[in-house]
Amino acid sequence: SQTIHQWPATLVQPVGSPLSLECTVEGTSNPNLYWYRQAAGRGLQLLFYSVGIGQISSEVPQNLSASRPQDRQFILSSKKLLLSDSGFYLCAWGLWGSPKQETQYFGPGTRLLVL
Amino acid sequence: QQQVKQSPQSLIVQKGGIPIINCAYENTAFDYFPWYQQFPGKGPALLIAIRPDVSEKKEGRFTISFNKSAKQFSLHIMDSQPGDSATYFCAASLGGKLIFGQGTELSVKP
Chain A
1 SQTIHQWPAT LVQPVGSPLS LECTVEGTSN PNLYWYRQAA GRGLQLLFYS VGIGQISSEV
61 PQNLSASRPQ DRQFILSSKK LLLSDSGFYL CAWGLWGSPK QETQYFGPGT RLLVL
Chain B
116 QQQVKQSPQS LIVQKGGIPI INCAYENTAF DYFPWYQQFP GKGPALLIAI RPDVSEKKEG
176 RFTISFNKSA KQFSLHIMDS QPGDSATYFC AASLGGKLIF GQGTELSVKP
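Going down the list, the sequences are from chains A and B.
Taking our numbering, the leading residue of the first sequence gets 1, the next gets one more, and so forth.
Taking our numbering, the leading residue of the second sequence gets 116, the next gets one more, and so forth.
Think of the hints as simulated: they come from the structure by calculation, not from any bench.
Just to be clear, a hint being listed does not mean it is correct.
[As the list claims (entries may be wrong)] Incomplete in silico selection of chain B near chain A, CB under 10 Å: (1) P123; (2) Q124; (3) V128; (4) P149; (5) G158; (6) A160; (7) A164; (8) D168; (9) F177; (10) G198; (11) T202; (12) G211; (13) K212; (14) F215.
The beta-carbon is built from N, C-alpha and C at its ideal position, and this holds for glycine as well.
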């Protein structure tokens with residue numbers, strides 16, 4: 001069965017510091033991978049998605065970037081965090097284009113607080 | 116055109132009641148409509164999903180009703196329980212991307 005991991009679970013960072021959040025998926029190959037941000041427990045905003053290694057699409061211009069160095073690894077980064085980067089970051093995977101297309105499965109999330 | 120509008124924002128029902136959450140969309144190219152359930156501090160979990168060629172789908176106590184002509188779909192929870200208290204999101208899929216509604220916070224009172 002497929003499993004998605006995110007770490008860390010929680011993170012408190014000062015303004016201006018760098019960020020690296022990691023997401024890995026087990027039990028599937030060539031998944032689509034997604035990063036979402038959720039503010040105040042509501043409203044998932046798609047930040048980035050990737051259909052393959054090195055292929056990143058950005059949905060919202062912002063202070064963040066994403067990379068996919070391996071098939072089942074997705075990383076969210078920032079060089080300098082802003083207060084507005086605080087939120088709940090969710091990674092998801094899906095198999096769009098296969099018989100189980102469109103469905104996305106979410107990880108446990110990372111709670112980021114920028115102070 | 117890419118929006119999915121969800122209502123109500125919050126909902127309180129008694130145990131055994133049937134909460135109904137509604138969603139509406141504009142883009143007729145959407146071709147898959149999932150519902151997610153999220154508990155505080157957790158990632159959303161897929162609850163049930165439907166395609167536009169089906170008018171209703173049931174899984175256990177959860178039912179999706181889909182009205183293609185009205186571009187609306189809704190989630191019904193039969194015999195609701197306090198354990199169903201969570202935030203529910205509808206979504207619509209286009210080209211591998213999901214567009215989410217703003218969520219409904221459901222509270223089921225014992």
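Tested hints:
no. : hint : result
1   : P123 : 13 Å, violated
2   : Q124 : 8 Å, holds
3   : V128 : 19 Å, violated
4   : P149 : 6 Å, holds
5   : G158 : 4 Å, holds
6   : A160 : 7 Å, holds
7   : A164 : 6 Å, holds
8   : D168 : 14 Å, violated
9   : F177 : 15 Å, violated
10  : G198 : 18 Å, violated
11  : T202 : 7 Å, holds
12  : G211 : 3 Å, holds
13  : K212 : 6 Å, holds
14  : F215 : 5 Å, holds
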